[in-house]
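Those protein sequences? They're chains A and B, same order as listed. Numbered per the numbering used here, the first sequence spans residues 1 to 548. Numbered per the numbering used here, the second sequence spans residues 549 to 872.
Mixed in with the good hints, there may be bad ones.
[To be verified] Examples of chain A residues lying across from chain B (beta carbon under 7 angstroms, computed): (1) Arg378; (2) Thr382; (3) Ser540; (4) Arg548.
Hints were generated in silico from the structure; no laboratory data involved. The beta-carbon is built from N, C-alpha and C at its ideal position, and this holds for glycine as well.
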Amino acid sequence: MRFLPLSFTVAKRMSRDLFTLFFAILFPAFFVFIFSVAFGKTGPLRNQRLDLAVVNGDEGLRVNFGNGPETLRLGAILVDVLESLSYSPSSGWIRPDSSSSGFMSLDSLRLSAQKPESAVFSVVDTLKESMALEKVSSGDFDAALIIPPGFTRAAMAMAMEDAMGEIFVGAMDKFSGESPRPDGPAGSPSGSTGAGAPSGGGAGPSAGAGAGGGAGFGAAAGSDTKAGAFGRKPTTSDIQKMIDDVSQRLEKSEKRSGVSLDSLSLPSRKAPPVALTLAGDPSNLGFSLTSGVIKNVLDEFLKRVSRRSLEEAKEFVPLDLGPARKELVSLENSSVAVETRTVFDYQVPGIIVFALLMIVSLVSVTLMLDLTQGHLERLKLTRMSALDYFLGNTLPWVLLSVLQLVLLFGAAKLLGYHNMGSMFAGVGLVILGSLSSISLALILASLAKNEKQASAIATMIAVPLSFLSGAFFPVRDVVIVKDFFGQPLGLTGLSPWTHTTKALVGVLTFGKGFSEVQWHVMMQIGLTILLFLAGIVLFSRRRLSAQR
Amino acid sequence: MHRPSDDLTSFSVATRNLSKGYDKRSLAVDSLDLSIKPGEVFGLLGPNGAGKTTTIRMLLGLLKPTSGQVFIHGEEITTGRQKLKGRLGVCPQETVLWPELTVSEHLNLIGRMYDVPGRTLRADAERLITEFSLGEKRNQPVKRLSGGLKRRLNLALALVHGPDVIMLDEPSAGLDPQSRALLWERITGLARDRQRTIILTTHSMEEADRLSDRVGILDHGKMLVLDAPENLKRSIGEGDVLEIELDRVPSQEVLEAIRQRSQVEHMSTSANTILVRGLNIMERFPGIVGTLTSSTVVIQNTRLRPNTLEDVFLKLTGRSLRDG
Chain A
1 MRFLPLSFTV AKRMSRDLFT LFFAILFPAF FVFIFSVAFG KTGPLRNQRL DLAVVNGDEG
61 LRVNFGNGPE TLRLGAILVD VLESLSYSPS SGWIRPDSSS SGFMSLDSLR LSAQKPESAV
121 FSVVDTLKES MALEKVSSGD FDAALIIPPG FTRAAMAMAM EDAMGEIFVG AMDKFSGESP
181 RPDGPAGSPS GSTGAGAPSG GGAGPSAGAG AGGGAGFGAA AGSDTKAGAF GRKPTTSDIQ
241 KMIDDVSQRL EKSEKRSGVS LDSLSLPSRK APPVALTLAG DPSNLGFSLT SGVIKNVLDE
301 FLKRVSRRSL EEAKEFVPLD LGPARKELVS LENSSVAVET RTVFDYQVPG IIVFALLMIV
361 SLVSVTLMLD LTQGHLERLK LTRMSALDYF LGNTLPWVLL SVLQLVLLFG AAKLLGYHNM
421 GSMFAGVGLV ILGSLSSISL ALILASLAKN EKQASAIATM IAVPLSFLSG AFFPVRDVVI
481 VKDFFGQPLG LTGLSPWTHT TKALVGVLTF GKGFSEVQWH VMMQIGLTIL LFLAGIVLFS
541 RRRLSAQR
Chain B
549 MHRPSDDLTS FSVATRNLSK GYDKRSLAVD SLDLSIKPGE VFGLLGPNGA GKTTTIRMLL
609 GLLKPTSGQV FIHGEEITTG RQKLKGRLGV CPQETVLWPE LTVSEHLNLI GRMYDVPGRT
669 LRADAERLIT EFSLGEKRNQ PVKRLSGGLK RRLNLALALV HGPDVIMLDE PSAGLDPQSR
729 ALLWERITGL ARDRQRTIIL TTHSMEEADR LSDRVGILDH GKMLVLDAPE NLKRSIGEGD
789 VLEIELDRVP SQEVLEAIRQ RSQVEHMSTS ANTILVRGLN IMERFPGIVG TLTSSTVVIQ
849 NTRLRPNTLE DVFLKLTGRS LRDG
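Make a model of the complete structure from these sequences and hints.
Pasting the structure below:
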């Protein structure tokens with residue numbers, strides 16, 4: 001237990017060194033204040049809106065779903081969604097409205113609890129693409145969204161593919177006499193919400209979902225899945241029987257509703273792929289944020305369109321979709337959280353990680369001072385073991401990190417931080433993060449020649465690491481292992497602080513539970529152990545053993 | 549390797565063929581053989597860079613020897629260092645203290661790191677605070693103490709766990725006369741009961757002469773002589789030493805003239821000082837002065853004193869210890 005008196009000594013020295021104390025504890029809290037002024041809601045300042053120029057070239061699509069002919073313009077609805085996207089933390093941001101008369105009314109996609117003063121985007125509809133791009137170049141706008149002419153056609157094609165796929169699957173299950181399985185086909189609407197939608201338009205999702213309808217029926221259903229439904233690979237005769245069954249159902253539906261299918265004008269399941277373009281300066285934080293938000297909004301938007309299509313299709317084909325299947329296509333629990341947060345909310349966990357990385361410099365300099373001022377040598381003459389020294393120095397710094405977190409968190413809350421998660425979980429993650437930082441400091445103190453060199457190297461390493469960890473803005477990663485214990489591992493994932501950041505954002509900002517961030521926590525623990533062992537071995541060999 | 553006939557357990561500290569080289573060209577310590585008995589005060593004397601601190605660091609196990617072995621109470625330091633730590637006390641050359649901690653906190657920290665039980669530690673710390681006259685400053689941060697008080701605390705830290713081998717590396721360096729007197733008194737007190745072995749490095753002849761039972765003179769890593777101070781002084785000749793300080797370095801002709809006219813046998817120079825040793829040296833003083841005044845040199849100062857260890861060093865190396 002010799003580490004305890006050493007810990008007390010280090011703690012006393014810290015508490016009597018106001019300069020270190022200021023930098024270690026108060027500076028991060030001060031940093032929070034600066035960020036809250038720049039990005040958060042504090043005092044007279046409001047959330048800073050992101051300036052978005054929109055060039056809506058969508059031509060729309062003429063349809064008749066039985067309520068009479070109408071022109072569907074999903075591009076306009078999408079623009080309206082972006083305009084009305086608010087920061088309301090409690091409510092969902094897309095509310096289906098069953099009372100609306102049209103198939104895809106504006107109300108069906110409108111946000112609830114709109115508060116114009118807290119809108120995410122300041123949207124300006126411009127007519128010319130060149131003008132929009134010019135405004136982005138000059139910094140007047142964070143980004144320009146260009147919606148292509150075939151947007152509605154492509155989006156509806158995706159939705160119809162999903163709907164038809166679902167009809168087919170229902171028929172298959174009924175025909176094969178099996179109850180619906182809890183895990184649905186890959187072509188279900190839930191699978192159609194491809195994240196590639198913003199860049200790839202309808203191409204990506206429709207390719208995945210689309211197999212469900214038309215000529216692609218057999219392939220669409222997936223031979224394995226359907227073989228499972230029949231207990232064998234379906235024959236041509238089986239498929240013919242299924243088609244007959246669906247036709248009979250459609251005829252019954254016509255008779256019941258009194259609407260002839262021939263009078264409907266349904267969107268085609270075939271459409272050329274389109275790509276929405278989001279133009280902006282990648283170095284602009286506003287562009288990165290806009291990109292992230294729009295990606296999620298578009299993803300959710302396309303899900304909603306698919307869902308509405310399926311609901312309409314059910315009017316004509318009264319499929320007996322069991323609870324499991326309903327859950328499969330349901331979008332009620334889809335998690336898109338960016339809409340409820342401020343930029344500041346993203347940055348608070350980042351500042352915590354930045355503060356943790358600042359400790360690297362302080363600890364490495366403290367250890368180097370121990371060395372250059374002879375304290376370490378005096379301690380080496382005592383019975384102190386290497387472990388005593390490590391623990392003695394680690395404990396106070398871990399406690400300081402926790403204290404730092406509490407102060408930083410308190411300051412952030414006062415300045416408008418919307419935290420959703422457990423503070424205790426945050427403390428746990430901060431303890432892990434501080435151990436990573438202390439381990440890195442041990443390594444630096446083993447290699448540096450003096451405290452100036454240690455400080456300089458620590459800064460050179462810690463600052464880039466804080467940015468690469470995604471502490472302040474999203475980082476595009478380079479995947480090095482596609483499947484590392486269930487998740488892709490990127491280059492930045494080799495740094496424990498990347499996982500600290502992601503786990504902290506998940507827990508503190510999004511209120512996620514341990515199971516949702518456990519991969520990051522386990523990675524953080526694993527990498528910290530590696531760093532700590534490397535630090536102990538290096539420091540023991542170079543600083544604690546007899547000099548050569 | 550030590551000789552099989554050696555009974556190393558009868559020595560507190562022993563070295564066998566101990567050498568240390570920082571580069572391939574020279575050795576900082578060269579084939580050192582020491583055998584220091586329990587209760588002995590051993591002075592390691594030499595100019596700056598002679599290898600004293602390197603020797604101490606090897607004795608403590610802080611520095612790996614290039615060759616040779618160190619034994620503490622018969623146990624080799626490289627293998628038994630952890631066990632021997634509690635028996636060794638060290639006062640480093642530099643004052644190594646934590647500026648933010650108080651005097652009491654220092655003693656408490658180091659005592660705890662040596663596993664001294666709480667009650668014993670409190671009593672010992674109190675005793676040391678009193679002995680080293682640190683009572684008034686016990687609760688003051690060390691950064692507010694004077695240099696002399698810091699040196700006293702530095703020494704007190706070497707004693708807080710009651711070691712039986714104490715190594716003092718230049719303990720009086722930079723001390724004012726009052727603090728030095730107190731320090732010498734403490735060292736004498738420590739040695740009085742013959743329970744502890746004290747190894748003292750210094751370049752102060754007076755300190756080594758007054759405190760040591762035996763003195764080893766080290767230069768360029770080699771042990772030149774090792775004996776009791778009185779024996780060393782006697783070895784270089786009987787009588788007193790006449791020091792004559794001149795305005796400049798005397799020529800060889802002047803020195804030869806003194807040697808012939810005054811029949812001086814033991815004469816040496818150190819910079820612009822002539823040292824003449826012999827019995828009844830004052831009888832030859834007028835003749836020497838006459839010879840010097842007849843030349844162009846001017847006498848600045850003269851002094852008559854007994855032999856010192858510095859004379860021993862001068863005789864052995866041909867230069868003054870201060871020139872080292």
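Each hint tested on the structure:
1. Arg378: holds (5 angstroms)
2. Thr382: Hint on threonine 382 of chain A: holds, closest Cβ of chain B at ~4 angstroms, below 7 angstroms.
3. Ser540: violated (14 angstroms)
4. Arg548: holds (5 angstroms)
In summary, the structure is inconsistent with hint 3 from the numbered list given earlier, while agreeing with all the others.
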